[in-house]
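Asks: Below, each chain spelled out in residue letters.
There are 2 protein chains.
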Amino acid sequence: MENAVTISVDALGGDKGPEVVLPGVEAALEQDHELEILLCGPADVVEPFAQNHERCTAVPCTEEVLMGEHPARAVRKKKDSSLVVGCRLVREGKAQGFFSAGSTGACLAAGTIIIGRIKGIIRPALCTILPMPKRPVVMCDVGANADCKPEYLVQFAQMADIFAEQVLEWKDPRIALLNIGSEDAKGSEFAQECHDLLKQKVPHFVGNGEGTDIAAGTFDIFVTDGFTGNVCIKTIEGTAGALFNALKGVFKSNIATMLAAVLVKSRLKALKKTVSSDTYGGAPLLGVKGACIVGHGASNETAIKNGILTASKTVRLHVSDLIAQTIDQDV
Amino acid sequence: MENAVTISVDALGGDKGPEVVLPGVEAALEQDHELEILLCGPADVVEPFAQNHERCTAVPCTEEVLMGEHPARAVRKKKDSSLVVGCRLVREGKAQGFFSAGSTGACLAAGTIIIGRIKGIIRPALCTILPMPKRPVVMCDVGANADCKPEYLVQFAQMADIFAEQVLEWKDPRIALLNIGSEDAKGSEFAQECHDLLKQKVPHFVGNGEGTDIAAGTFDIFVTDGFTGNVCIKTIEGTAGALFNALKGVFKSNIATMLAAVLVKSRLKALKKTVSSDTYGGAPLLGVKGACIVGHGASNETAIKNGILTASKTVRLHVSDLIAQTIDQDV
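Protein sequence lines, in the order shown, are assigned to chains A and B.
Numbering follows the numbering used here, in which position 161 of the first sequence is assigned residue number 161; successive positions increment by one, without gaps.
Numbering follows the numbering used here, in which position 194 of the second sequence is assigned residue number 194; successive positions increment by one, without gaps.
Chain A on its own, in the form it takes in the complex (with noise of 0.2 Å):
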């Protein structure tokens, strides 16, 4: 599967800008041989790095969205900034894919206003791959829409299949409605008209999960409005790492517990890295034509590479195709 695909890159996006997104670029670029990346940022830092690397091609910008600024207004207002440029990229068939570590709300807006929605699609949703101890599971929406109308949720549902499918290769993935019980009948009224047009809709609908099957991989997909789905994984991120800050307060307690360190080192690394969202570096915006996919604020040098990646991926497995042609119009 590895023919020629072009991918924008957002030199600017990420906490960290530049001093990240650049040795991820080069990362990606090294691991994958038919990977052409059009890098979006200023004059000075995106040219002297496509000089010394090839298949990257500088695209010099002159503005930035910055990370407080009201997403849908700085897309509308910085038509030079680079996380416009990159996804009009996408637009004019020039890269194929974008991807950016920048501001979420802008990266939505931009991705559903520049590179333009599918047909048939209500509502582009952002979905992520949560990593789990266990196994990793799919959540869509995760803060895309935070209001939401049953109907959308088909679609998410839909999309978030085709890319669990393709991109992660998971056979018949079964898809819940995350939801404050397993019966039927249980949760809000929006969730109960939820859980009726998923049951008719969707196939791999298999029911209600609740949050405590997130984390015990019940489930493959969860389902669920922008809202509820940007809380559930906020809240993940946080409960992780205040554990594994405990934890690290635990192995300094004395010398016998720093011993301890020593000896579970590095298999707590691993777990560590299994439970890293840097592994899959992004999440993809999924109904926009083309690739566009969303990194984390605090990507660093591994999830950028890896979110370039899984743009690349996306774009060779034709997910926005597969998505024109199966998507339920007439939710």
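Possibly wrong hints are sitting among the right ones.
You can't tell identical chains apart in this list, so a pair holds if it fits in one copy or across any two.
[Stated by the list, open to error] Okay, derived cross-link-like pairs now, DSS-like style, lysine-lysine, Cα gap no bigger than 30 Å in a straight line: (1) K77 with K186; (2) K119 with K186; (3) K248 with K149; (4) K77 with K94; (5) K94 with K119; (6) K149 with K186; (7) K252 with K186; (8) K171 with K94; (9) K201 with K171; (10) K79 with K186; (11) K134 with K269; (12) K186 with K134; (13) K269 with K199; (14) K265 with K201; (15) K16 with K186; (16) K248 with K79; (17) K248 with K265; (18) K199 with K94; (19) K77 with K269.
These are calculated hints, taken from the structure and not from any lab test.
With chain A's structure known, arrange chain B on it following the hints.
Replies: Structure of chain B alone, referenced to chain A:
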């Protein structure tokens, strides 16, 4: 504050029933010498126990509310169940508080229908104390109301505020709205309306908090609708459980890691205890006349003891009266 208080206890509550409830009651009676227990359950369970324990009176009941039953229907039908009888004792003034680790839904229904709402309270809410590595955090509502209006959340905030100040002895708790961004205008339409109303009505309200803020201990109290709150606490429980399990796997890898396990065992146990829900033993259903504490289905003996002691403390500190006096009835 050790004045006499009577708590009715559902002997059948919890996944393990009397097997853990009875030792829990015994431990509570040992710890609090001014505590009287009215133990509701089958005669052959509660009578022999009451005969052998001072300050414990058997209240034989012939029915049981089962876990899968429709909550409100079960409460209306099974008038001689341990759950319904326990709540009726509070309504009749024979007990001042009630504790059960039975079906959460049925406890909420029984608390609301039988004990009854405080005048002016639109919806009683389940308020939990989340044990976090750094410090405990209060969240309200965590499941009593899947569908909420912004005015409910104002009362949830006011009630949780009183509970945290009185029972947990937190001075001027900082209250946040659980949302998907920290800026004022973030979130769903519902979240934005809640934010504006909380800002107007609740002096201790400080703004929006995110999922990552829960474990970080940025705020003392999170107020949210019962759907989001329930997903949130179950996600925390699932994530923490999965990580501790994975950690167990790490320590079991080989002889070196098993040695490490021995070296950190006591401190790891202490951490696990810190983040265990057994410490508080139950979530108060705020807004009903009298104390009503709902225990976790998986409660062990310690959790039952602590749940009963939380009930007696809630009674002694007149939380219900304070709620009745201070609640904003004009939201």
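Asks: Going through the numbered hints above, which ones does this structure break? Give me the numbers in ascending order.
Replies: 3, 7, 8, 13, 14, 16, 18, 19
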